[in-house]
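Novice: For chain H, the structure is supplied; the task is to place chain Y on it using the hints.
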Amino acid sequence: VKIRSDVLRTYQVLHSWTGIVSGLLLFIGFFAGALILFQDSITDWATPKLEYQSQTQSQAHDFLLQQVFSQYPETLKAVTVNFEQGKAPVTWNSKPSRELHLVSQQQHAMLAKNQQLHVFSSQPNLLATLIDQLHRTGGLIGELEHEHWGAYVLGIASILYFLALVSGLIFLLPTLVKSLFALRTHKTSARFWLDTHNLFGITSFPFHLVIALTVVVFVFHDFFYAGLNPIYGDKPMFSRPAKSATAFDARELPSLELLKQKAETQARGFTVSHISFTNLNSQAPMAMVGITSNTDVVRGPYYDYLYMHPYSLQSFDFGNAHTENGIWAKIVKVFFAVHFGSFGGDSGRWLYFFLGLGGAVLFYTGNLLWLEKKFDKNKSHQSKSVKILAKLTVAVPLGSMLGVAVCFALTKVLMLSEVAINLAYLWLYYFSFTLALLYSFRVGHVRAASNLCYCLVVSLLAIPAISLLLHLTGQWQTLLNHWGIDIAAALLALMFWKMARKTQYRSQYGEVESLWSTVKT
Amino acid sequence: MFPALTLSYGLVALFAWYGPGGIDAVNKVQVNMWMISPIWLTIFSLVYMFPTGRKAWCWLLLANVLVFGLFVLLRRLL
Numbered sequence: 001v002k003i004r005s006d007v008l009r010t011y012q013v014l015h016s017w018t019g020i021v022s023g024l025l026l027f028i029g030f031f032a033g034a035l036i037l038f039q040d041s042i043t044d045w046a047t048p049k050l051e052y053q054s055q056t057q058s059q060a061h062d063f064l065l066q067q068v069f070s071q072y073p074e075t076l077k078a079v080t081v082n083f084e085q086g087k088a089p090v091t092w093n094s095k096p097s098r099e100l101h102l103v104s105q106q107q108h109a110m111l112a113k114n115q116q117l118h119v120f121s122s123q124p125n126l127l128a129t130l131i132d133q134l135h136r137t138g139g140l141i142g143e144l145e146h147e148h149w150g151a152y153v154l155g156i157a158s159i160l161y162f163l164a165l166v167s168g169l170i171f172l173l174p175t176l177v178k179s180l181f182a183l184r185t186h187k188t189s190a191r192f193w194l195d196t197h198n199l200f201g202i203t204s205f206p207f208h209l210v211i212a213l214t215v216v217v218f219v220f221h222d223f224f225y226a227g228l229n230p231i232y233g234d235k236p237m238f239s240r241p242a243k244s245a246t247a248f249d250a251r252e253l254p255s256l257e258l259l260k261q262k263a264e265t266q267a268r269g270f271t272v273s274h275i276s277f278t279n280l281n282s283q284a285p286m287a288m289v290g291i292t293s294n295t296d297v298v299r300g301p302y303y304d305y306l307y308m309h310p311y312s313l314q315s316f317d318f319g320n321a322h323t324e325n326g327i328w329a330k331i332v333k334v335f336f337a338v339h340f341g342s343f344g345g346d347s348g349r350w351l352y353f354f355l356g357l358g359g360a361v362l363f364y365t366g367n368l369l370w371l372e373k374k375f376d377k378n379k380s381h382q383s384k385s386v387k388i389l390a391k392l393t394v395a396v397p398l399g400s401m402l403g404v405a406v407c408f409a410l411t412k413v414l415m416l417s418e419v420a421i422n423l424a425y426l427w428l429y430y431f432s433f434t435l436a437l438l439y440s441f442r443v444g445h446v447r448a449a450s451n452l453c454y455c456l457v458v459s460l461l462a463i464p465a466i467s468l469l470l471h472l473t474g475q476w477q478t479l480l481n482h483w484g485i486d487i488a489a490a491l492l493a494l495m496f497w498k499m500a501r502k503t504q505y506r507s508q509y510g511e512v513e514s515l516w517s518t519v520k521t
Numbered sequence: 522m523f524p525a526l527t528l529s530y531g532l533v534a535l536f537a538w539y540g541p542g543g544i545d546a547v548n549k550v551q552v553n554m555w556m557i558s559p560i561w562l563t564i565f566s567l568v569y570m571f572p573t574g575r576k577a578w579c580w581l582l583l584a585n586v587l588v589f590g591l592f593v594l595l596r597r598l599l
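Heads up: the protein sequence lines correspond to chains H and Y, in order.
The numbering of the first sequence is my numbering, which starts it at 1 and goes up by one.
The numbering of the second sequence is my numbering, which starts it at 522 and goes up by one.
For the record, the hints were derived by calculation from the structure and aren't laboratory data.
Where is the CB? At the ideal position from N, CA and C, for every residue including glycine.
Heads up, a few of these hints could be off.
[Stated by the list, open to error] Derived, one-sided and incomplete: chain H residues facing chain Y with beta-carbon distance under 7 Å:
no., residue
1, Phe207
2, Val210
3, Leu213
4, Tyr225
5, Trp328
6, Tyr439
The following block holds chain H by itself, in its conformation from the complex (with noise of 0.2 Å):
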């Protein structure tokens, strides 16, 4: 392929400045949004067994909702029924509303042997919540409108990943060929960080592009939206539900079983995990009914939604993919699938897993090679930005791992204490992440990058140590199916040891004449 050789020097400087940008706060998200592909693994993980795992009879589901309604009338505005094995048939929050609430009680209903209906609340765990929230902002705190800050940061970071993705794609082509298998070991270790990071970033490449892309649409939907409004003139863009004349009553509610098969034989394939009701004795009641399959796309990370109503059960055209003339809808669908890597299943779930970690090595080699690229020889001369981007490079990412790892590592010993968990789980990852950031400052890249990482193992290898200890005396049962957590846990610390290792290594005995020697010139 040839490209003028201008043409391409551009396109090379836009990659360098999009990346550098960019590359820090992309890396967080990419680890964490990893993570919480298995959010729910991670909240059974870290909630105690409830005594509520025999699960009420189908039939009793109206007979226990009909009771909550009458002894806790605020569930009438928002409540949950759940089939699912292991939930309770009822619940509801104590404090209903979008927004996350992290003291909040959760409250299950079920019935009890002699068809009494028995109630109890528990803190809900946020882990798997907290680290999408980490995944969504990067970490900054604080609000804009009704949108955290650190969400729009990340949708701008996410227009300049596409910039370097299809940047870095362009100034590679001329070279790719004979470049792209080559993964150049024994050449200087710049060679092999640039062979590294052009292999993960063109075999990846789509989904990259594709994450980038869905991105900027979930942060700036509502702008996008806004600038159709002129083109759609006086054509209504969304059509609302018309409101019925009079309230209904939530006595009159159909039976459960009657919604639960007509959303069935609406959404072929798919079974109901939940319906949530909003506004029951209103003109605008509405059931939001969660539907799942292992084999079809979904539109959330798990479910995918029917709207209905709950006492027509006419179900609404939003977002509805299961109707004859529904192409739109499922176009959309796949958009979200795309992002949540919910196609598939959990095979879906594990290819993205990968390609989300392998992402955050694409950004962190990136910023290496940049340092490396800068980097004189004569480290005395050295330029104010390589100093302070190799502390970041080496503090940002380790500083967050580690906070998340601290979380995990103490979930178990704080849902067993009095503790405002979820409160907790804030201090925890700030004082973590802030305190690696302080000792990279304090004693350089060098030795941060080695003894974070002995910090990071420490945390690892905490967390099944603690399970198997809570779990041999008896006062965490941890289920089989959980332990992939914690051996997957002991894996990652097995690899940081030995990343410690090497670094500690190279800066004692590595080339002098390198970023990452400690030995004076």
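Specialist: The following block gives chain Y in isolation, referenced to the frame of chain H:
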């Protein structure tokens, strides 16, 4: 950046009104919204192919005029 954004709105406008299903198709508005950013960012990332910034501006403005001209014309006629 900006002429590329308006150009992508113009292309989406043509698709929204005169593409398959027309303007009234249920749920199509979401697809239209989703299409803006891929078109926008693709143009945005490829403008550096122009030898000078001036040329880039000229071509993109011209493309804008053509696309929106066509859109207005079609809206009047149909």
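Novice: Does each hint fit the structure? Answer for all of them.
Specialist: Hint-by-hint comparison with the structure:
Hint on Phe207(H) is violated. Least Cβ distance to chain Y is approximately 15 Å, over the 7 Å limit. A cut of 7 Å between beta carbons decides the hint on Val210(H): the least distance to chain Y is about 10 Å, and the hint is violated. Because the closest C-beta pair between Leu213(H) and chain Y is about 5 Å apart, less than 7 Å, the hint holds. Evaluation of the Tyr225(H) hint against chain Y yields a held restraint, the C-beta minimum of about 6 Å falling below 7 Å.
The interface hint given for Trp328(H) is met, as the beta carbon of that residue sits about 4 Å from the closest beta carbon of chain Y, less than 7 Å. With 7 Å as the threshold, the beta carbon of Tyr439(H) stays out of range of chain Y, its nearest partner Cβ sitting at about 38 Å, so the hint is violated.
The structure shown violates the earlier hints numbered 1, 2, 6.
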